[in-house]
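K.L.:
Chain by chain, the residues:
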Amino acid sequence: MAKPNPEDRYYSRDHEWLIYYSDGTAIIGITDYAQEMLTDIVFVDLPETGRKVVQHSTVAVVESVKSVSDVFSPVSGEVVEVNTRLEETPELINQDAFGEGWIVKMRLSNPDELNMLLTAADYEEMLREEKD
Amino acid sequence: MLKKTPLYEKHVDLKAKIIDFGGWAMPVQYTNVIEEHKGTRAAAGLFDICHMGEFEVRGPQAFDLLQYALTRNLAEQTVGQIKLAALLNENGGIMDDLTVYRMGENDYMLVTNATPREKDWEWMNKIAADKKFDCELKDISDETGKLDIQGPRSAEILQKLTPADLKNLRFYHFCRSQVAGFEAIISRSGYTGEDGFEVYAHGSVIGQIWDQLMTAGADVGMKPCGLGARDTLRLESGMMLNGQDMDESVMPQEVTYGWIVGPDKVFVGSAALREKQKHGIKKKLVGLEMTGRGIARHGYKIFHSGKEIGVVTSGTFSPTLNKAIGLAFMDVDFSAPDTAIEIAIRDTMAAAKVVQLPFYKRTK
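If you're matching them up, the sequences are chains A and B in order. Quick note on this note's numbering: the first sequence kicks off at 937 and runs consecutively. Quick note on this note's numbering: the second sequence kicks off at 155 and runs consecutively.
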């Protein structure tokens, strides 16, 4: 069973999460539900810092033994930091998707986009609908 | 509507992730691919292979038909022995790779891949009719169940359920016996690079054999394995997947199947194949290993000094070797081991090199 979705953050329909900080940056990862679907993650293709991405475009790629999955940026902005620990230990995402397995840190160019994201309760509702 | 094997409900009960594999609802994994893969290499794995096809070929000219329809020279095959062979089209292209079981003097069983089964069936029948071979073909796929039990502990597990003398059953040989009290064919063979067995029994009893094997294997750590682990296991062992690493556009010599072509034999496709051979082959299937970052995947393009020289046919992360490996169909000029190549992975070029097959070989 997937871990509960923490209420301190935003969620996207593509199974990413985002924590927004008061300095205008945010860290982004994939949800525990997403890592459970992917299972054994063996490689994470991280972007270079400084890269500018628009909302819903690919910011990183997560690969399991069998599959290749895009991580879509829930917001527009510039990549200011990446979780370099994932280069050697991509399984951190399996072990702790909501914490140590974070993927990128971004500086948002349009914080209004946050209004389009889901709360933990919305996201769980969406998962229930997907299952039905 | 996907076709289901007699074991489908068992996979659902085990909470397997089910995928569409060539029209079949098959388990791709029960827990995760790496665990199942490593479990098979360390102890044993149990695989549902009921989707594959089986044909009987019987009659006075059963041998003549197979000797003419397939690439392999079957003249030396003894009763109880298995031979791997290819079925080609008239242009020398590979329609399927299959195993030939010699059941008796004029009695054979062919085991085909799941996807080309119907095509194989039509082609074999056409060859038999055109040449008026006196033999009878029967497609027994629907009523035949098949399980693979693979891994170093598989003989020990299977021996608990069969009176057959497994110790003296040699690789690529089979016997008729019972498993869990049911009539079965036990063959020492497989698709993982480990010691192991393929068990054929009637579809109506294969579920009971599965259950008893699951129980018999539990204490040594045998796990049910999905097609995901089957794919990584076969790839590490340098074995090809039909329809992915080879298809009707390639000849046996261009992939790793030169050795299954009888050199002085006339068979369907042999004229075309020898004509092309005279001019030398231009492309070849090779092994590759990533030296840079990333995982090569099916369909990725391969470059050398900016020139496109081939394509990745299979690629994965190798759980045993802990690195990314693959098979590639490449320009023969670049096929020597240690040749540095580049693979286009999304928007970057990643470094790789050609390596000798197989990637993994078990220690006896």
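Note that these hints are calculated values from the structure, not bench results. Do not rely on the hints blindly, as some may be mistaken.
Said to hold, decoys possible - Simulated pairs of lysine-lysine, PhoX-like, Cα-Cα distance not exceeding 25 Å:
no., chain 1, residue 1, chain 2, residue 2
1, B, Lys-437, A, Lys-1067
2, B, Lys-157, A, Lys-1067
3, B, Lys-438, B, Lys-237
4, B, Lys-171, A, Lys-1067
5, A, Lys-939, B, Lys-169
6, B, Lys-237, A, Lys-1067
7, A, Lys-1067, B, Lys-169
8, B, Lys-507, B, Lys-437
9, B, Lys-171, A, Lys-939
Unchecked claim - Taking beta-carbon pairs under 7 Å as the criterion, some of the chain B residues facing chain A (in silico):
no., residue
10, Ile-188
11, Ile-449
12, Gly-453
13, Thr-470
Idealized CB from N, CA, C, for every residue including glycine.
K.L.:
Of the numbered hints stated previously, which ones are contradicted by the structure, given in increasing order?
P.N.:
Violated hints (numbers, rising): 1, 6 and 12; every other hint is consistent with the structure.
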